[in-house]
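S.K.: Listed here are the chains, written in short residue letters.
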Amino acid sequence: MKKRSNFLRRVLDWVIKIIATLSAFFGIMILIWIIFEVGRRGAQAMSLNFFTKLPTPPGVPGEGVANAIVGSLAMVALAGFISVPIGLLAGVYLSEFGKDTRFGNSIKFSTNVMMGIPSIILGLFIYTLVVVPTKHFSGYAGALALALIMIPIIARTSEDMLSLVPNSLRESALALGAPRWKVVIQILFRSAKAGLITGVILAVARVSGETAPLLFTALNSPYWMRSLNQPTANLTMTIFNYAMSPYRDWQRIAWGASFLIMSLVLALNIFIRFMLRESKR
Amino acid sequence: MAINMGKNFQQEQWELKQASFSSHSRLKKEKRVFKENLFFRYLSALCAGFILVIMFGILIELYWHSHLSIATFGIKFIYSSSWDPVKKEFGALASIYGTFVSTIIAMLIAVPLSLVISLFLTELAPPIITKPVGYAIELLAGIPSIIYGMWGLFVFAPFMSRYIQPVLSKNLGFLPLFQGAPMGIGILTAGIILSIMILPFITAMMRDVFKMVPAVVKESAYGMGATSFEVTIKVTIRYGLTGLVGACFLGLGRAIGETMAVTFVIGNYHQISASLFSAGNTIASTLANEFAEATEPLYLSSLLQLGLILFLITIMIQVLTQIWLMKIQKGIGKL
Chain A
1 MKKRSNFLRR
11 VLDWVIKIIA
21 TLSAFFGIMI
31 LIWIIFEVGR
41 RGAQAMSLNF
51 FTKLPTPPGV
61 PGEGVANAIV
71 GSLAMVALAG
81 FISVPIGLLA
91 GVYLSEFGKD
101 TRFGNSIKFS
111 TNVMMGIPSI
121 ILGLFIYTLV
131 VVPTKHFSGY
141 AGALALALIM
151 IPIIARTSED
161 MLSLVPNSLR
171 ESALALGAPR
181 WKVVIQILFR
191 SAKAGLITGV
201 ILAVARVSGE
211 TAPLLFTALN
221 SPYWMRSLNQ
231 PTANLTMTIF
241 NYAMSPYRDW
251 QRIAWGASFL
261 IMSLVLALNI
271 FIRFMLRESK
281 R
Chain B
1 MAINMGKNFQ
11 QEQWELKQAS
21 FSSHSRLKKE
31 KRVFKENLFF
41 RYLSALCAGF
51 ILVIMFGILI
61 ELYWHSHLSI
71 ATFGIKFIYS
81 SSWDPVKKEF
91 GALASIYGTF
101 VSTIIAMLIA
111 VPLSLVISLF
121 LTELAPPIIT
131 KPVGYAIELL
141 AGIPSIIYGM
151 WGLFVFAPFM
161 SRYIQPVLSK
171 NLGFLPLFQG
181 APMGIGILTA
191 GIILSIMILP
201 FITAMMRDVF
211 KMVPAVVKES
221 AYGMGATSFE
231 VTIKVTIRYG
241 LTGLVGACFL
251 GLGRAIGETM
261 AVTFVIGNYH
271 QISASLFSAG
281 NTIASTLANE
291 FAEATEPLYL
301 SSLLQLGLIL
311 FLITIMIQVL
321 TQIWLMKIQK
331 GIGKL
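If you're matching them up, the sequences are chains A and B in order. Going by the numbering used here, the letters in the first sequence line up with residues 1 to 281, in that order. Going by the numbering used here, the letters in the second sequence line up with residues 1 to 335, in that order.
Any given hint might turn out to be false.
Said to hold, decoys possible - Calculated cross-link-like contacts (lysine to aspartate or glutamate; reagent style DMTMM-like; alpha-carbon spacing at most 20 Å):
| # | chain 1 | residue 1 | chain 2 | residue 2 |
| --- | --- | --- | --- | --- |
| 1 | A | K17 | B | E219 |
| 2 | A | K99 | A | E171 |
| 3 | A | K135 | B | E293 |
| 4 | A | K135 | B | E290 |
| 5 | A | K135 | B | D208 |
| 6 | A | K17 | B | E230 |
| 7 | B | K131 | A | D100 |
| 8 | A | K17 | B | E123 |
| 9 | B | K327 | A | D100 |
| 10 | B | K234 | A | D13 |
| 11 | B | K330 | B | D208 |
| 12 | B | K330 | A | D100 |
Claimed, not checked - Which residues of chain A face chain B? A few of them, derived with a C-beta cut under 10 Å, are:
| # | residue |
| --- | --- |
| 13 | R9 |
| 14 | I19 |
| 15 | G27 |
| 16 | I35 |
| 17 | Y93 |
| 18 | I117 |
| 19 | I121 |
| 20 | V184 |
| 21 | L202 |
| 22 | A205 |
| 23 | A212 |
| 24 | F240 |
| 25 | A254 |
| 26 | N269 |
To be verified - Derived coverage of chain B by chain A (criterion: at least 3 residues anywhere in the stretch with Cβ under 8 Å from a Cβ of chain A; other residues may be distant):
| # | region |
| --- | --- |
| 27 | 134-140 |
| 28 | 163-171 |
| 29 | 310-318 |
Don't read these hints as lab results, they were simulated from the structure. Computed from a predicted structure; not experimentally measured. We put the CB at the ideal spot given by N, CA and C, even for glycine.
Let's have the full structure, built from the sequences with the hints guiding it.
M.R.: Below, the structure written as structure tokens:
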């Protein structure tokens, strides 16, 4: 057996330890830097106007992104309405009926694959499916694209959460003569409630920061939203358009909107942690 | 555990009892319940099948809408690098090249760094640091990519052009990779921002893999007199290797289709250049930048074909990843 000096091994160990610690701090510092910059620059844009006024042409003071906030909320809400029932039922199928069947496994596989598809592709898909036939961009198309992102996330999380419900609960309900669908809705949904809600919030948090699927579907608009059947203002596209503009005050608005979205997403994620911890008790 | 079955359910039970006296009405009831169950089962199967339908729908739709460009350029689309909307000549090579180069840069930076960070979190750091840092990393994995894009354009690109690129071209300027003007934006910057974006994502997964390594295995190595570094290299990493590769694959899938973090800083330039400082394009950034300008049918169809190529690449990566992860799960089942 090869003999190695103990001293060298110790030194190597220490060097590696120092490198690991330093690079861990380096990585974490960069991430803190991002949050700090967004917070610092975004806070400058915060004002009452920011939340209540429409965007203005460059140079005109008193600009805001109220229409974009409303539009984003409306689209995410509609996307939730579409995706929650579909995703939830798909999750029910995967955990209750399709376990270890060929169809169920292939669905599970494609759900996992679909979660990894770039969101810009889903935007393109909805563009060809909705925008091309109707010949105009619309908030409906945007909401559909967002819903397509949410469905696999909700399906997978609700499958996981429903699988955690002990089998004895299902069996006792079935033994009492309850039909299968009643067992699912009244027993499984109720006991996995926290987990299911977590999945939905996770999907909402993911979707509310998405820009790419809205590029070809909802587009953007400088006006108040009259209906979702027209191009709809939204926060992320506002960031994209304004950040690329050469005007200082527009860029400031983009920072403000970034700050708003980042805090919203972080708050949702913290809320999820909190809920999961509560449900574990 | 007290479960409220609901009034409806109790009443039904009572009815069922009553009905059992007359077998005819009981049979009717059972038939109804059977139908309801079947309906519910098919409804949920339909929703699950919807996901499969979307997957094939994307493929068919993208293929259908890009058939004009497929018919015009044929296979040349993939290896031609000319992208000229005026002359109506389109080739995807520059975008594909940019996609792969920026992803490779991102992986080269993110994988070792997140390996080291997750090792730090599981092996070296005291619990008082591990918990909040691990928590923060999970939160950071959820930050939308457009935030990274904004930060990249306004904060990191100027930083690159002032501090990092001059140093690189001074010391490594003999390589063609690091020649050219330090503009800040470009493929290198895009790759670095991608790496920062996927860093928390990969780190969180690698940390979970390391956490699954049984303490007994590590302790026995320590007991033989191994140093932390030796335990890490010879036990921890080797034990979790398949999981680590899976984490890298998931990160890769994320990086390759990323749009917003890249579009802001890559510079939208359709030429392949040896230098990493030069502006470029990825498939996703080309789509994001040029879709609004594409009024020509051929232009639009070429962009959709780019989308189709990206879809096929990501599907391939995702399918490989899932097969790999399934293999791991089977392995765990055997143990």
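S.K.: Next step is simple, just say for each hint if it's right about the structure.
M.R.: Hint by hint, here is what the structure shows:
| no. | hint | in the structure |
| --- | --- | --- |
| 1 | A/K17 x B/E219 | holds, 18 Å |
| 2 | A/K99 x A/E171 | holds, 16 Å |
| 3 | A/K135 x B/E293 | holds, 16 Å |
| 4 | A/K135 x B/E290 | holds, 18 Å |
| 5 | A/K135 x B/D208 | violated, 47 Å |
| 6 | A/K17 x B/E230 | holds, 11 Å |
| 7 | B/K131 x A/D100 | violated, 37 Å |
| 8 | A/K17 x B/E123 | holds, 10 Å |
| 9 | B/K327 x A/D100 | holds, 16 Å |
| 10 | B/K234 x A/D13 | holds, 13 Å |
| 11 | B/K330 x B/D208 | holds, 18 Å |
| 12 | B/K330 x A/D100 | holds, 14 Å |
| 13 | R9 | holds, 6 Å |
| 14 | I19 | holds, 7 Å |
| 15 | G27 | holds, 5 Å |
| 16 | I35 | holds, 8 Å |
| 17 | Y93 | holds, 4 Å |
| 18 | I117 | holds, 6 Å |
| 19 | I121 | holds, 5 Å |
| 20 | V184 | holds, 7 Å |
| 21 | L202 | holds, 9 Å |
| 22 | A205 | holds, 6 Å |
| 23 | A212 | holds, 4 Å |
| 24 | F240 | holds, 7 Å |
| 25 | A254 | holds, 7 Å |
| 26 | N269 | holds, 5 Å |
| 27 | 134-140 | holds (count 6) |
| 28 | 163-171 | violated (count 0) |
| 29 | 310-318 | holds (count 6) |
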